[in-house]
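Those protein sequence lines, which keep their order, are chains A and B.
In terms of my numbering, the first sequence opens at residue 305 and continues consecutively.
In terms of my numbering, the second sequence opens at residue 21 and continues consecutively.
Keep in mind that the hints were calculated from the coordinates and are not lab data.
Take the hints with a grain of salt, since some may be wrong.
[What the hints assert, rightly or not] Selected chain A positions facing chain B (Cβ under 8 Å, derived; list incomplete):
hint, residue
1, Tyr-362
2, Asp-547
3, Ser-551
4, Glu-834
Every residue gets a Cβ at the ideal spot worked out from N, C-alpha and C, and that includes glycine.
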Amino acid sequence: MRIALVGQPNCGKSTLFNSVAGYKAVVSNFPGTTIQFTRSPVSLDGESFELVDLPGIYSLSSPDTEEIVARDYLLRLKPDAVINIMDGSILCRSLELTLELLELKIPLVICLNMIDEAERKGIEIDVQHLERDMGVPIIPTIASRGQGVPELFQAAAKIAKSGKTGKTFLLSRDVETVVSELALEIREDTAQGLGLPARLLALKLLEQDDALEREIREIEPGILPEIERLRGKISSSHGRPSDVVLSSERHSLAMNLFEHVSHIKPHPKKMLRDQVDKYIMHPYWGYLILGLILLGFFYFVFNFGKLIEEPLLGYFEHLTAYLSVHMDQESLFFTILNGLIQGFSGGIGIVLPYLIPFLFGLSLLEDIGYLSRAAFLMDSIMHRIGLHGKAIIPFVLGYGCNVPAIMGVRILESSRDRFISAVLVTFVPCAARTTIIFGLVAFYLGSSRALFLYILNLIVIAAAGKFLSRMRPEVSPGMILEIPSYKFPSTRAVVNKIWFRLREFIIIAWPLLIVGSVILSLLEYFQLSEAINRMLSPFTSGLLGLPEETSITLIFGILRKELTIIMLVQALGTSDFASVMTNGQMMIFTVFTLFYIPCLATLAMLRTVIGNKGMIFTLVFTTAVATVLALAFRLIFYII
Amino acid sequence: MITTLEKLKNKDTAVVREIQGGIGIRQRLGHLGVHPGDMIQVVRTGFFGGPVLIKIHGVEVAIGQGMARKIEVDLPEA
Chain A
305 MRIALVGQPN CGKSTLFNSV AGYKAVVSNF PGTTIQFTRS PVSLDGESFE LVDLPGIYSL
365 SSPDTEEIVA RDYLLRLKPD AVINIMDGSI LCRSLELTLE LLELKIPLVI CLNMIDEAER
425 KGIEIDVQHL ERDMGVPIIP TIASRGQGVP ELFQAAAKIA KSGKTGKTFL LSRDVETVVS
485 ELALEIREDT AQGLGLPARL LALKLLEQDD ALEREIREIE PGILPEIERL RGKISSSHGR
545 PSDVVLSSER HSLAMNLFEH VSHIKPHPKK MLRDQVDKYI MHPYWGYLIL GLILLGFFYF
605 VFNFGKLIEE PLLGYFEHLT AYLSVHMDQE SLFFTILNGL IQGFSGGIGI VLPYLIPFLF
665 GLSLLEDIGY LSRAAFLMDS IMHRIGLHGK AIIPFVLGYG CNVPAIMGVR ILESSRDRFI
725 SAVLVTFVPC AARTTIIFGL VAFYLGSSRA LFLYILNLIV IAAAGKFLSR MRPEVSPGMI
785 LEIPSYKFPS TRAVVNKIWF RLREFIIIAW PLLIVGSVIL SLLEYFQLSE AINRMLSPFT
845 SGLLGLPEET SITLIFGILR KELTIIMLVQ ALGTSDFASV MTNGQMMIFT VFTLFYIPCL
905 ATLAMLRTVI GNKGMIFTLV FTTAVATVLA LAFRLIFYII
Chain B
21 MITTLEKLKN KDTAVVREIQ GGIGIRQRLG HLGVHPGDMI QVVRTGFFGG PVLIKIHGVE
81 VAIGQGMARK IEVDLPEA
């Protein structure tokens, strides 16, 4: 038996899913896109079934491709029952999706979630009344506390077996006539092929659903003029486009239902939320608080990270030192083992110290409801580089480590925003690149030059942002974002979230890091560094004017950025860089390492977040930007 | 008085008249409960070119300036 969870964003769907599926859930990619859904085998009361958690959708038709993918999946999945999760505190709006789900004619159970929040808002809901009106079972729950969850699944199992579907709500008479006219004219196999009941298909076509219209153009193009005619009929009689007429009809049906079954008590007291928001979203205080929170977050992650990373990597150095004493350092076996340890420790050095505190902080901010408020404040600024407010979070965190920052890009809804932010984040100088800026530029050329590099970096990020947003023009003209009420994050939800995101790094990025390290060790073993230096020399010394020996350090920098400067000591045979490199060379080298190819762990994460193509694009794009900038610096130093 | 959303002041209550622009905008706004005929209240006007924060059907929604300019509202005269 298969049960799908469907609900609007922020209704507590994932909380519900996690409370029953726990750690067993599998994250799957929907073929062809980057959209993700989770599924998990669940057994409750001796019933076992597969539970599928789909991304939140507001409606069955949407301009957002991701929501469409979720819908298609729902249609193709053919679940035995759908659990429709609703945020009880915004019942009216939630009912609009329910009205559409009823049209699917799949057995449905309503999970009336967050009833505690509804009560706090003074909304009293007559559940039995609503149940009678809708013709489906309704179970009130508080998913964050597990309240009502067993009853919900019992009801879902029962309704799946009975196959009973809920009521159909009719629209006003003139619209209804048009809908049934179209429903009758569409061939039966067309609707069946699309996995939709004829009436729902007719409704969606009249609502100008793009995706379905494209499908119809393939299957039954003969009906298109008829659809056009009927849309015209609705819009001419109502004086509004047909999609507005239908959505307004559904809206007023939902309002009527809501007024019918609920009673709103006047606010018992002034909501705490309004008091807090007065400062958090204030034009001046808001930014101050945001700055403090981001700074605090940054310090928390990086001080915690440093505290653990150094002793942790120290252990691994001891291990390597121990092995090198007791084993033949020249042997192939030792080389491979050394590579393995390097890759393994590199992964641990990212996961434990940085990723866990970062994910903890992010989940906390997200679950409390602060992220959307930060997005509200930052929207106008981020708009200038073609993104919207929420993207500020990954950027700030990129200064510590790009890996969690790229993971953080997931908080953005549209794949375009995720792509642009992920590519831009790779330009943010992480802690490792900071050591290069400080070790080379600040130390030898002075701190003002180092500061200049940070400013240059911001300018490049802004310019690259403009360029990328031109490349992928925005579909929507701006941000529409719900500002949710504050919630107390539940420990279980936070732990689950950390684990889900962490697992992704462990399974996907870490192995790549280990393999990469082994390959680099082998390069050393077979003494290929000289060959590589020679091979890359036209680029490094010919084009950029750097010493030929720096080539290999740039290769190592791809494994881990801080290796660039460590290897530079080895490659040049001295730690006094000023004796072998000119000021110009040091600047060019630093500029190039600041912008070129991100490290392996970042690349692996990029691949999971924006796909192979996105990763390859980033490789080419970053290399191009780094080369152009390095060349510009060579020119400047040539002139002065 | 007929005006557009971004011109309203804090605590102004108005009725949505018309949403200009394509079906994409209409659907997005509809999803968050903004339809013609609905009553909205401005919680915070957009500052520094940022989004307008409104309350609609008990939910707070931030709407970017560009989009707010496309929402025609009817503000009752005081």
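So, going through the hints one by one against the coordinates:
1. Taken as an interface hint, Tyr-362 of chain A checks out: its beta carbon lies about 3 Å from the nearest beta carbon of chain B, inside 8 Å.
2. Hint status for Asp-547 of chain A relative to chain B: holds, with the closest Cβ pair at about 6 Å, below 8 Å.
3. The interface hint given for Ser-551 of chain A is met, as the beta carbon of that residue sits about 5 Å from the closest beta carbon of chain B, less than 8 Å.
4. Interface hint status for Glu-834 of chain A: violated, as the beta-carbon distance to the closest one in chain B is roughly 56 Å, over 8 Å.
When held up to the earlier numbered hints, the structure conflicts with hint 4 and nothing else.
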